[in-house]
Amino acid sequence: MNNCKGKRFLRLAEYVSSLLKVLAVVVPLGVAALVFFFRAPVILVTDAAFNELYGERRILMSSVETQARLFRRVKQVIIGDEASPDLVSIAVSSAAQEKAPFCVLFPSRYAEGAALFAEQNPQTPVAVVGGTRTVKQAADAEEGTGVVSVLTDVETDLFHAGVCAAILGKASVAPEENDEQISLYRVAVLQRTPLSQAERTSLSDGLKEGGFSNIQYMMANSNFQDAKFAAIIMLGPSNSLLDQHLKTPVVLFSWLDPAFTASSVKVIFDDSLWAQSAAAVKAAVAGRDELAPSKVLVAARDRIEKEVERELKKAVRNGSQKKLIKND
Numbered sequence: 002m003n004n005c006k007g008k009r010f011l012r013l014a015e016y017v018s019s020l021l022k023v024l025a026v027v028v029p030l031g032v033a034a035l036v037f038f039f040r041a042p043v044i045l046v047t048d049a050a051f052n053e054l055y056g057e058r059r060i061l062m063s064s065v066e067t068q069a070r071l072f073r074r075v076k077q078v079i080i081g082d083e084a085s086p087d088l089v090s091i092a093v094s095s096a097a098q099e100k101a102p103f104c105v106l107f108p109s110r111y112a113e114g115a116a117l118f119a120e121q122n123p124q125t126p127v128a129v130v131g132g133t134r135t136v137k138q139a140a141d142a143e144e145g146t147g148v149v150s151v152l153t154d155v156e157t158d159l160f161h162a163g164v165c166a167a168i169l170g171k172a173s174v175a176p177e178e179n180d181e182q183i184s185l186y187r188v189a190v191l192q193r194t195p196l197s198q199a200e201r202t203s204l205s206d207g208l209k210e211g212g213f214s215n216i217q218y219m220m221a222n223s224n225f226q227d228a229k230f231a232a233i234i235m236l237g238p239s240n241s242l243l244d245q246h247l248k249t250p251v252v253l254f255s256w257l258d259p260a261f262t263a264s265s266v267k268v269i270f271d272d273s274l275w276a277q278s279a280a281a282v283k284a285a286v287a288g289r290d291e292l293a294p295s296k297v298l299v300a301a302r303d304r305i306e307k308e309v310e311r312e313l314k315k316a317v318r319n320g321s322q323k324k325l326i327k328n329d
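Residue 96 in our numbering sits at position 95 of the sequence shown; the count goes up by one each step and never skips.
Treat the hints as calculated values from the structure; they're not laboratory data.
Quantities reported herein were computed from a predicted structural model and do not represent experimental measurements.
Calculated pairs, SDA-like style, for lysine to any residue (alpha carbon to alpha carbon, straight line, at most 20 angstroms):
| hint | residue 1 | residue 2 |
| --- | --- | --- |
| 1 | 248 | 305 |
| 2 | 296 | 315 |
| 3 | 229 | 246 |
| 4 | 315 | 173 |
| 5 | 296 | 261 |
| 6 | 100 | 77 |
| 7 | 171 | 316 |
| 8 | 171 | 212 |
| 9 | 76 | 283 |
| 10 | 76 | 39 |
| 11 | 100 | 78 |
| 12 | 76 | 98 |
Given the sequences, and given the hints that come with them, work out the whole structure.
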C-alpha cells in the first residue's frame, strides 16, 4: 500500500516538475508578447508604387526584422503617390489616433508632410529618411520643424562598394593572371552627379583593399562598353545599361527588388526607408540628425559563386566593424 502511494507521489512530483518547466518558458513568452503588443508602435509612411517596386516579400521580411530589433510593432501607412502635405499629415494623424506612436518615419519625398505632422503633433518624434540632400541642406530644411534627418552614409557605402567591386573584379578576370596584371584592370563608376573628393577617396580606399587602383568615372548616360572593365559600380539605376545584358559584374545602388534587376547585378546597396528604419527610430527618439549606411544585399546563388558570396559578406561585415571602430 505504502509502495503504491509512493509511486503516486513520484508521478505527481514529476507532473508538477514538468508543469513548472513549461510555465517557466510559457509565462515569460506570454509577458513578452503582451509587452510587444502593448508598446507604442512605430509608424512608417510609404506608398503603393514604392511597395510594388520594393517587393511585398521584402517588405514582410524587413517588417519582421525591424520589429524584432526594436521589440515593438511597425505599422505601415500607405498613402497616394501624389498626396499633398495636408493629406499626408491627415493620413498619419488618423493612424495615430488608435494608439499614440513611438515615432513616425517619413521618406524624404514626403518631407513637407512630415514637417506639417510634426508641427501639429510636437509630442511625437519624427524623422525624414533618405534622399540625395547633403547634411547641411537637410539641417537647413528641417531647422526649427522638430523633424530629424537620417541621411545615407555615402562615404561608408562607397568604401564597401569599392571592396565588393574589387572582389567581383578579381573573380571575373582570367584566373591565371597575377595581382600585378589584375591591378591594370579598370573599374567603371557610373554617376548621375559628380562625387565629392571625400567620397572618391572612400571609394578608392575600398578598391585598393582588393588590389584595384584604376577607376574611370563616367556619367550614367555615357557611351559604354563593359568589355573594358573588371567591374562596374552604378550609383543609381541605369536601365539602358542593365538592359544591354552586361557580362561585367555590377554593384548597384538602388532599393529596387533584386528580382527586377539584370543577372549582371551581383550586389545591391539598399538605402530605402525599410533598410534604415532601425537607425531612423533611434535618431528620431534621440532628437538628433544621423548618417546611416545602406543595407548590402548579395545576389542569390544562381547569380554568384558560393565562395565569392562568402567573401563578399565577410568583407562587408569587416568593413562595418572598421567603420564602428573608426567612429568610436
